[in-house]
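Just need the whole structure built from these sequences, with the hints factored in.
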Amino acid sequence: MLSQSLVQDVLNEALTTGGDFAEVFVEDRLTNNLSLQGGLVENSLSGRDFGVGIRLFKGFQSTYTYTTDFTKEGMLKAAKRVAQTVHGDQLLKITDFGQQQVKVLHPIQQMPQSVDKVRKVNVLKKVHESASQYSDLITQVSIRLKDEEQNVLIANSEGAFIEDQRVRNILTVQSIASEKSRMESGYINTGALAGLEHLESIDVNFYGSEASRIAATMLDADPCPSGTFPVVIDNKFGGVIFHEACGHSLEASAVAKNKSVFSNKLGEKVASDLVTYIDDGTLQNEWGSINIDDEGEAARRNVLIENGILKGYLVDKLNARIMNTDITGSSRRESYRFAPTSRMTNTFIAPGESTREDIISNTEYGIFAKYMGGGQVNPATGDYNFGAEEAYIIKNGKIDRPVRGATLIGNGAETLKKVDMVGNNLGHGAGMCGASSGAVPVNVGQPTLRVSELTVGGTKGDA
Amino acid sequence: MNLTDFKVRLFEKAQTKGFTDVELYYEKKKQFTSLLDQGEVDQFSVSEVMGLSFRGLYDGKMGYAYSEKLDDFSIDFLLDNAKENALILENENQEKIFAGNSNYPDANFYTEELNQFSYEELVEFLKIVESFVYKEDTRVVGTGFLGIQSSEIEKALFNSKGISLMERRNLLATGVSLIVKEGDLTKSGAYEKILYDLSETTAIDIAKKGVNEAISYLNPRSIENRKYKVLLRNDAATAILSSFSPVFSAENVQNGRSLLKDKVGEMIAGDNITLIDDPLHPDGNMSRNFDAEGVATKTVTVVEKGRLNTLFHNQKTAQKEDVETTGHAYKESYKDALTVATSNFYLKPGDQSYDELIKSIDEGVIITELSGLHSGVNEISGDFSIAAKGYYVKDGKVEGATNQLTVAGNFYDLLNDVKQIGSDLELAKRFGSASPSLLINQLSITSE
Chain A
1 MLSQSLVQDV LNEALTTGGD FAEVFVEDRL TNNLSLQGGL VENSLSGRDF
51 GVGIRLFKGF QSTYTYTTDF TKEGMLKAAK RVAQTVHGDQ LLKITDFGQQ
101 QVKVLHPIQQ MPQSVDKVRK VNVLKKVHES ASQYSDLITQ VSIRLKDEEQ
151 NVLIANSEGA FIEDQRVRNI LTVQSIASEK SRMESGYINT GALAGLEHLE
201 SIDVNFYGSE ASRIAATMLD ADPCPSGTFP VVIDNKFGGV IFHEACGHSL
251 EASAVAKNKS VFSNKLGEKV ASDLVTYIDD GTLQNEWGSI NIDDEGEAAR
301 RNVLIENGIL KGYLVDKLNA RIMNTDITGS SRRESYRFAP TSRMTNTFIA
351 PGESTREDII SNTEYGIFAK YMGGGQVNPA TGDYNFGAEE AYIIKNGKID
401 RPVRGATLIG NGAETLKKVD MVGNNLGHGA GMCGASSGAV PVNVGQPTLR
451 VSELTVGGTK GDA
Chain B
1001 MNLTDFKVRL FEKAQTKGFT DVELYYEKKK QFTSLLDQGE VDQFSVSEVM
1051 GLSFRGLYDG KMGYAYSEKL DDFSIDFLLD NAKENALILE NENQEKIFAG
1101 NSNYPDANFY TEELNQFSYE ELVEFLKIVE SFVYKEDTRV VGTGFLGIQS
1151 SEIEKALFNS KGISLMERRN LLATGVSLIV KEGDLTKSGA YEKILYDLSE
1201 TTAIDIAKKG VNEAISYLNP RSIENRKYKV LLRNDAATAI LSSFSPVFSA
1251 ENVQNGRSLL KDKVGEMIAG DNITLIDDPL HPDGNMSRNF DAEGVATKTV
1301 TVVEKGRLNT LFHNQKTAQK EDVETTGHAY KESYKDALTV ATSNFYLKPG
1351 DQSYDELIKS IDEGVIITEL SGLHSGVNEI SGDFSIAAKG YYVKDGKVEG
1401 ATNQLTVAGN FYDLLNDVKQ IGSDLELAKR FGSASPSLLI NQLSITSE
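Chains A and B supply the protein sequences, listed in that same order. Under the working numbering, read the first sequence as residues 1 to 463, first letter to last. Under the working numbering, read the second sequence as residues 1001 to 1448, first letter to last.
No wet-lab data here; the hints were simulated from the structure. Treat the hints loosely; a few may be bogus.
Claimed, not checked - In silico SDA-like links for lysine to any residue, alpha-carbon gap of 20 Å or less: (1) 1030/B - 70/A; (2) 1030/B - 71/A; (3) 1298/B - 1048/B; (4) 146/A - 77/A; (5) 1013/B - 1001/B; (6) 58/A - 117/A; (7) 77/A - 1127/B; (8) 1030/B - 1168/B; (9) 58/A - 1168/B; (10) 1127/B - 227/A; (11) 1028/B - 1048/B; (12) 1083/B - 40/A; (13) 1261/B - 181/A; (14) 117/A - 1281/B; (15) 1335/B - 334/A.
This is the structure we're talking about:
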């Protein structure tokens, strides 16, 4: 993408004023966004993102700049801008880079740019067909496909000069069911760090009809009661609760400044014995997977909580300095427009021994959250909230009526301790996670599990 | 290659490749962001980026592509992809390239004075805010967030039908969120402000407001779960209005994603509700003289005394209903397709102050801050169930903070259930929408 001598000049320019680490991140990304509305191609967008980000450290201080000006003058000007924020004598000068090859953990077969757009449209039309035929209640179906090829070059003053290619595609389906003056929606997606072989291997009937089933079910749902109940959260995307409730608090960006509830608690009991929580960027071709992180470090499997005991954090280079610990291959960014920081990849609760049926039949009265929506957490307090996309009442150990408008509200640290049943059916779901280094693809995952009590906000009032 | 050369070559080559009408939308953005934590600069980021998008009619259909690199490769990339994208389109109502209005408003959204501040001065200002934050109250234990951002955006639109428009705007804003502690209890509160100066008085005001907000949440109580009379403070009311503003888009209505279908001319809200979109407001955050298609903008009263006058349109949605565009074509950035969106969208204020509204409440809840809007709002059904912070009110007096709440209701019901409207509209806020405080007859409240 850029020559070693040019990158070397840029890094050396940034280091002139006494910085002790400099990094260049170059990105050339080709993206296609395709959307079908009512079975017809509504939008098709293509684009090329190109830019350069330069980061400089001095001690615990970090400065970042980025530009779309790729000329030598433009990049040297940007390097000067970061250099100006540091004051002192030059400490480092780079004379050569080591030769580094990325170890490809996630083979790509069919590059999305090489595939005729009509071929992609054909798959989307099949999904539309199964979604729209699900029921007469379905009044609108929107289908989107995003594919991208991100080429990056990461070089730094430690001698790294490494190039990687990340190829991803994600299909999302949204169905709307209507009856009289009411409308409800159902949403599902599937994504992979893979070529278009992912799109062409999915069960189109499942993804279409599932989105419509959710919408039609929620149209028939009662207002959700509010109060405190046992909550059973289903597997796969249900894991978003722990992504929000503890994943973010295990990122060094929160831990380093003692702003996380998990700061200074390594080796302590922070969760129920049933909870083992893992972040694993090496899971083959999964949506949140990586070959290398955005600081050029190899992906790895990090055990964060093991049988309730806090074992580790997700750590990037800057926070590793502050925390005086090792990096974990977890530094990520949305694009050249963001300085990287510690983030999750594929994070999940490890499977336990119960079956889904056991968990439900052992719950006399509670809520079953089959699909979760998005949510958020206040990192200072660990308070979180998120919406259930599809939920039911559990009555006498059986799934009863569907309920709409359920919001689960709680505190991360407390919820971890209240996990009292964990299923054996681990699954993963794809999502985009937003934080200070932008939106990055992540998987959240878990088996079906139960939280002994959780506050549920609904529209109905007390149960 | 500079922009003018690029445009000339792109348009020439587009013609030889078979495009009829073509358009180039260009954006350039300079931004500075800094975060401060315990006297240290935690983030210092400077950027200068540009990008452009090409839109062209091929075989009667509109193809799109964008690029961030001005080179020969990009010219071919844009034209080849736009052509392929055009060919697979199947929607009936096609976009058109606009020939231009005879007159355009000429409002100024660029404040020269903001350019005088150096990055160092902006960081220095944060340090002053931080020092006052700790002086203000001993219960302040830290800042969750303390940041400042200056940005300058220039955009231009050129097309083969003769449009050549340009405008720029700039903004300086700061935000602080504070962590306060009393006993074992930790709470946080936030305040944000658009800045026009960096005086010490302004710094003290921000520190004071942020600290007061955080402290107000200490000593929270649990309240009974039921329906209450609810005062949505202006920021909370703004967040709700902003979340639901897409329901007024003709595009969403035509795509079956809004319940306002066939409602133009009908009462959809109480007769005390008037909703206005004013793209030319000097204090607005989303001000613009021309929309993303190059149509001259103007003030539109969408809901007047409860009656839905019109929806927001671009050329394509307007053509479908045989009406005029309202000048609400919108592109989030050069990377995005043309859509419809509000600019400075606000609920017309009433005449009672926030304090007067509180005095009129016998028993109720004030909602001050909402979080997790993206997950708790169902834009399609109008239902919302959102985590919130608030206070409990008894006999016209604020009794204190509540534990974390969830407030639940339905936007369409809410529009018909507003008892009183405050006078405290603040248009210069982060959202493109704004609302004064609203006193609602009843909403469901769940307390943790």
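How the hints compare with the structure:
1. A C-alpha spacing of about 16 Å is found between residue 1030/B and residue 70/A, which places the hinted pair at or below 20 Å, so the restraint holds.
2. Using a Cα cut-off of 20 Å, the hinted pair residue 1030/B and residue 71/A holds, with the two alpha carbons roughly 18 Å apart.
3. As the CA atoms of residue 1298/B and residue 1048/B are separated by approximately 31 Å, the hinted pair breaks the 20 Å bound.
4. Taking the CA atoms of residue 146/A and residue 77/A, the gap is about 34 Å. The hint is violated against a cut of 20 Å.
5. Of the supplied pair hints, the one linking residue 1013/B and residue 1001/B holds, its CA atoms being roughly 16 Å apart against a limit of 20 Å.
6. Distance restraint check for residue 58/A and residue 117/A: the Cα-Cα separation of roughly 47 Å exceeds the 20 Å cut-off, and the hinted pair is therefore not satisfied.
7. For a cut-off of 20 Å, the pair hint linking residue 77/A to residue 1127/B is broken: about 27 Å separates their Cα positions.
8. Annotation: proposed proximity of residue 1030/B to residue 1168/B holds, straight-line Cα distance about 11 Å (limit 20 Å).
9. With a C-alpha separation of about 36 Å, the suggested pairing of residue 58/A with residue 1168/B is violated against the 20 Å cut-off.
10. For the hint linking residue 1127/B to residue 227/A, the alpha-carbon distance of about 44 Å lies beyond 20 Å, and the restraint is violated.
11. Note on residue 1028/B and residue 1048/B: the hinted pairing holds, with a Cα-Cα distance of about 7 Å set against a maximum of 20 Å.
12. As the CA atoms of residue 1083/B and residue 40/A are separated by approximately 18 Å, the hinted pair is consistent with the 20 Å bound.
13. Among the hinted pairs, residue 1261/B with residue 181/A is consistent with the structure: their alpha-carbon atoms are about 10 Å apart, no more than 20 Å.
14. Of the supplied pair hints, the one linking residue 117/A and residue 1281/B is violated, its CA atoms being roughly 43 Å apart against a limit of 20 Å.
15. For the hint pairing residue 1335/B with residue 334/A, the CA-to-CA distance comes to about 15 Å; that is within 20 Å, so the pair holds.
The structure fails hints 3, 4, 6, 7, 9, 10 and 14 (numbered hints given earlier, in ascending order).
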